[in-house]
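Two chains, each in its own frame: build the complex with the hints.
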Amino acid sequence: MKAWLPAVALGGALALVAMVLVFAVQPEPAPTAAERTDALAGELRCPDCQGLSVADSPTRSAQEISRQIDVLVADGATDDEVRAYFVARYGDWILLAPTSPAAWIIPFAVVIAGAGALGAWLIARRRPAHQPKRGISTEERRRVREEAEALDA
Amino acid sequence: MRHLRWLLVPIIVVPLALLLLSGFGRDPREIASPLIGQPAPTWTFTTLDGDTLSTDELAGRPYLVNFWASWCIPACVDEHPVLASAFERHGDELTVVGVLYQDSPADAEAFLARYGDAGYGHLIDESGRLAIDYGVTGPPETFFVDADGIVRARQWGPLTDALVDERLASIGIGR
Chain A
315 MKAWLPAVAL GGALALVAMV LVFAVQPEPA PTAAERTDAL AGELRCPDCQ
365 GLSVADSPTR SAQEISRQID VLVADGATDD EVRAYFVARY GDWILLAPTS
415 PAAWIIPFAV VIAGAGALGA WLIARRRPAH QPKRGISTEE RRRVREEAEA
465 LDA
Chain B
1466 MRHLRWLLVP IIVVPLALLL LSGFGRDPRE IASPLIGQPA PTWTFTTLDG
1516 DTLSTDELAG RPYLVNFWAS WCIPACVDEH PVLASAFERH GDELTVVGVL
1566 YQDSPADAEA FLARYGDAGY GHLIDESGRL AIDYGVTGPP ETFFVDADGI
1616 VRARQWGPLT DALVDERLAS IGIGR
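Protein chains in written order, with our numbering: chain A, 315 to 467; chain B, 1466 to 1640.
The shape of chain B in the complex, shown without the other chains (with noise of 0.2 Å):
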């Protein structure tokens, strides 16, 4: 019986102590988004310009959704020119959208104007529904949406170059 005690070591104390580890590496606020696999929201939307834009005009075309805003600091300023970079290289085969997430027009241009405009258009998401057909947490997140409209990734947080080349790749652009 007294050997018996130590089998508990390996059998209960070990596993509960990797279960509990495991906790350190993950951020408890980032939810696994139940959108990846599933066809992605269709909308219709105006843009910052004041054009139109709607997923009919995307069909067949790899596209990402990037929610932001212009309250969001330091992330979205630290992820802009990440975008704007994917969009330079990808822009012929690649849309980027972007969403003002709780944000006022104005904002938004003020600090497209301070960081720079990469040229790709802005979503006015004025009821939150967008973000909400998203299931979006909070800014920057970002949807990778590839060309027959199924949403295969998601970056909950800021963009890195490496990062925005990894999910792209999941939706087929720079392979």
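With the rest of the complex left out, here is chain A (with noise of 0.2 Å):
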């Protein structure tokens, strides 16, 4: 074992580490204008459509808000600035995806709840209170003693 082989082996690991990180950190290409209105009017819900995108749909409405969104982001403002623009008029209706944490939570913790209470209700149904009892009881045993008593008599 020469004993510069863990000084070799330990430099590559690092030179590894640091081309992993190098990638991992890379920052993505910033968003053109016209990429940022693509993805924004994809969460704006078209007003006049039934569960459709700004982004889906060709009504007059879609086409309004999607230069809307044009407009806005020209002016420099943030995507999170977009959305409060339209929430401010519309409402969360026009968000298709709900902001409110709870939306998330609720129907995992319903589902949950609903499973568990299934669960205790099937596992209380498995183990019924007439099982036949292991053994006999005291009762039985002194009948039992009882009777051989009788027998022997």
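Derived from the structure by calculation, the hints contain no laboratory data.
Cβ atoms here follow ideal geometry from the backbone N, Cα and C, with glycine treated the same way.
Please note: incorrect hints may appear among the correct ones.
[Said to hold, decoys possible] Covered by chain B, according to a simulated footprint, are these stretches of chain A (three or more residues, beta-carbon under 8 Å):
id : segment
1  : 373-383
2  : 403-414
[Claimed, not checked] One side of the interface only, derived from the structure: several residues of chain B facing chain A at Cβ under 7 Å:
id : residue
3  : G1490
4  : P1493
5  : I1496
6  : P1499
7  : Q1567
8  : G1593
9  : I1597
10 : T1602
Given below as structure tokens:
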């Protein structure tokens, strides 16, 4: 074993970690204004459609909202500012995905609670109270003894 | 344990049934407006008559903003005489503003020629910008703004005489 081998291995490992870090931290190219408008249009509900986003709808309302997003983005609004602009006018309804954490937690909580209740009920049902007892009671034991004694007599 | 099961009825089943039943009482397309209690949007527009109208001119005066379209049938046709009557009765203290919602001036003029022009102005919202500012989802939709410029009420769908009086009372008219 050469003395310099561990040093080389350590150096190699460090280089590998550094490379991974560089790739992981490397910033993605900033989205263009058009990409941001498209992404935001995909998050907003088209007012005169049934559950379609502004990006997916060809209606005039959708086009007008899309154009307004363009104007806001060109004016330097952040994504959050654009969302807030439409929420102030249409309410939270305009956002296709709910912002309240409760909307994400409650369905899972209900499913888990329901599964728990079902499990508890099934377990309670599998060991019913009338299961045959192991062995015999003291009462039966006493009676058997009495009968045996009566036979002996 | 067996009688506990019956507790589930008042604890879970009844509230759930009431919650679901309450859904029958409302139209799922009607969304509560976040504008109520907020300052009304400001604007300057050209009207069908070629005049210029802006919210600056309406300062200190209650007004209603009615989004309508000639293609909005029958709701806007039914509502038209209701607005004309409100304008006639309260025109001295109330400004009525019509807004063309995704409609061409020519079609709107034909509508007014056919169903009667009450005499109040109609804004040409070409880009739909005012409809976005008011969060309009479809005509007819009417907003009631008080003398301080605060939105006090919204009517989603056609107004009736009773509804218009009720909404006007919220901006201090007809009391």
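So, going through the hints one by one against the coordinates:
1. 373-383: holds (count 6)
2. 403-414: holds (count 5)
3. G1490: Violated: closest Cβ of chain A sits about 18 Å from G1490/B, beyond 7 Å.
4. P1493: violated (10 Å)
5. I1496: Interface hint status for I1496/B: holds (5 Å vs cutoff 7 Å).
6. P1499: Holds: closest Cβ of chain A sits about 4 Å from P1499/B, inside 7 Å.
7. Q1567: Since chain A brings a Cβ to about 5 Å from Q1567/B, closer than 7 Å, the hint holds.
8. G1593: Holds: closest Cβ of chain A sits about 4 Å from G1593/B, inside 7 Å.
9. I1597: I1597/B check passes; min Cβ-Cβ to chain A is 6 Å, inside 7 Å.
10. T1602: Hint holds; T1602/B Cβ to chain A Cβ min 4 Å, cut 7 Å.
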